[in-house]
Amino acid sequence: MRILITGGAGFIGSALVRHVLDNGHEAVNLDKLTYAAAPGNLDGVESRPGYRFEQADICDAQALGRIFASHQPDAVMHLAAESHVDRSIDGPAAFMETNIQGTYRVLEAALEYFRALPGGRREAFRFHHVSTDEVFGSLGTEGYFTETTPYAPRSPYSASKASSDHLASAWHHTFGLPVVISNCSNNYGPRQFP
597 MRILITGGAG
607 FIGSALVRHV
617 LDNGHEAVNL
627 DKLTYAAAPG
637 NLDGVESRPG
647 YRFEQADICD
657 AQALGRIFAS
667 HQPDAVMHLA
677 AESHVDRSID
687 GPAAFMETNI
697 QGTYRVLEAA
707 LEYFRALPGG
717 RREAFRFHHV
727 STDEVFGSLG
737 TEGYFTETTP
747 YAPRSPYSAS
757 KASSDHLASA
767 WHHTFGLPVV
777 ISNCSNNYGP
787 RQFP
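Per our numbering, residue 597 is the first one in the sequence shown, and the count goes up by one each step.
Some hints could be false.
In silico lysine to aspartate or glutamate, DMTMM-like type, Cα no more than 25 Å apart, as pairs [to be verified]:
{"hint": "1", "residue 1": "LYS628", "residue 2": "GLU693"}
{"hint": "2", "residue 1": "LYS628", "residue 2": "ASP618"}
{"hint": "3", "residue 1": "LYS628", "residue 2": "ASP670"}
{"hint": "4", "residue 1": "LYS628", "residue 2": "ASP686"}
{"hint": "5", "residue 1": "LYS628", "residue 2": "ASP682"}
{"hint": "6", "residue 1": "LYS628", "residue 2": "GLU719"}
{"hint": "7", "residue 1": "LYS628", "residue 2": "GLU704"}
{"hint": "8", "residue 1": "LYS628", "residue 2": "ASP656"}
What follows is a list of derived Cβ distance ranges for each label pair [to be verified]:
{"hint": "9", "residue 1": "THR737", "residue 2": "TYR631", "range": "32 to 38 Å"}
{"hint": "10", "residue 1": "ALA689", "residue 2": "ALA712", "range": "31 to 37 Å"}
{"hint": "11", "residue 1": "PRO746", "residue 2": "HIS680", "range": "20 to 26 Å"}
{"hint": "12", "residue 1": "THR630", "residue 2": "THR770", "range": "26 to 32 Å"}
{"hint": "13", "residue 1": "TYR747", "residue 2": "PRO774", "range": "34 to 40 Å"}
{"hint": "14", "residue 1": "ARG750", "residue 2": "ARG644", "range": "37 to 43 Å"}
None of these hints come from the bench; they were simulated from the model.
Values in this document were obtained by computation on a predicted structure and should not be read as measured data.
Idealized CB from N, CA, C, for every residue including glycine.
Could you build all of it, start to finish, from the sequences and the hints given here?
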């Protein structure tokens, strides 16, 4: 299986790239290499069979079209995003551009690609949108969120991610793109950016 991973040079994305390769699959890492990238997390990965790197901006529709056409992924795992609540308060424009407009561009490129896939590949294709628990707001007295917890974003970051979740859901319901959305909570581990 060949998986297109957006944001694959970030903390979570680089762990996903290693996991995909370790399990015998191919990884196409699409990353703009912003402040959040940690290319050192991919040391040793670039020479592995099945690994490809594309430096591109998810807001660039032409680049996305070229990447889908040339790499022919079987699935997309969309992690590329501006993150960190404090950064979103200091400069929300980049969050709106990348997290909303960029997700829209990736969804559009994926949909165009998906529609052209032959039967079996089309049935197996998935678009996994990786989001955050921040879209649900503050943790209440229950101590957990569920799939039915109402959205209640409290920062420009969480609002931009909630918007991208709704776009991904709309592309599923309106256009039939097979979308899965996950809402991660405070990831940590080896190679974490301090």
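Each hint tested on the structure:
1. LYS628 with GLU693: 13 Å, holds
2. LYS628 with ASP618: With a Cα-Cα distance of about 24 Å, the restraint between LYS628 and ASP618 holds, given a limit of 25 Å.
3. LYS628 with ASP670: 22 Å, holds
4. LYS628 with ASP686: 21 Å, holds
5. LYS628 with ASP682: 21 Å, holds
6. LYS628 with GLU719: Distance ~30 Å between LYS628 and GLU719 Cα, so the pair is violated.
7. LYS628 with GLU704: 18 Å, holds
8. LYS628 with ASP656: OK: LYS628 and ASP656 at ~10 Å, within 25 Å.
9. THR737 with TYR631: 32 to 38 Å: 36 Å, holds
10. ALA689 with ALA712: 31 to 37 Å: 34 Å, holds
11. PRO746 with HIS680: 20 to 26 Å: With a Cβ separation near 24 Å, PRO746 and HIS680 satisfy 20 to 26 Å, so the hint holds.
12. THR630 with THR770: 26 to 32 Å: Since THR630 and THR770 have Cβ atoms about 30 Å apart, the given range 26 to 32 Å holds.
13. TYR747 with PRO774: 34 to 40 Å: Cβ of TYR747 to Cβ of PRO774: about 22 Å, so the range 34 to 40 Å is violated.
14. ARG750 with ARG644: 37 to 43 Å: Since the Cβ atoms of ARG750 and ARG644 sit about 40 Å apart, the hinted range of 37 to 43 Å holds.
Comparing the model with each numbered hint stated earlier shows that hints 6, 13 do not hold.
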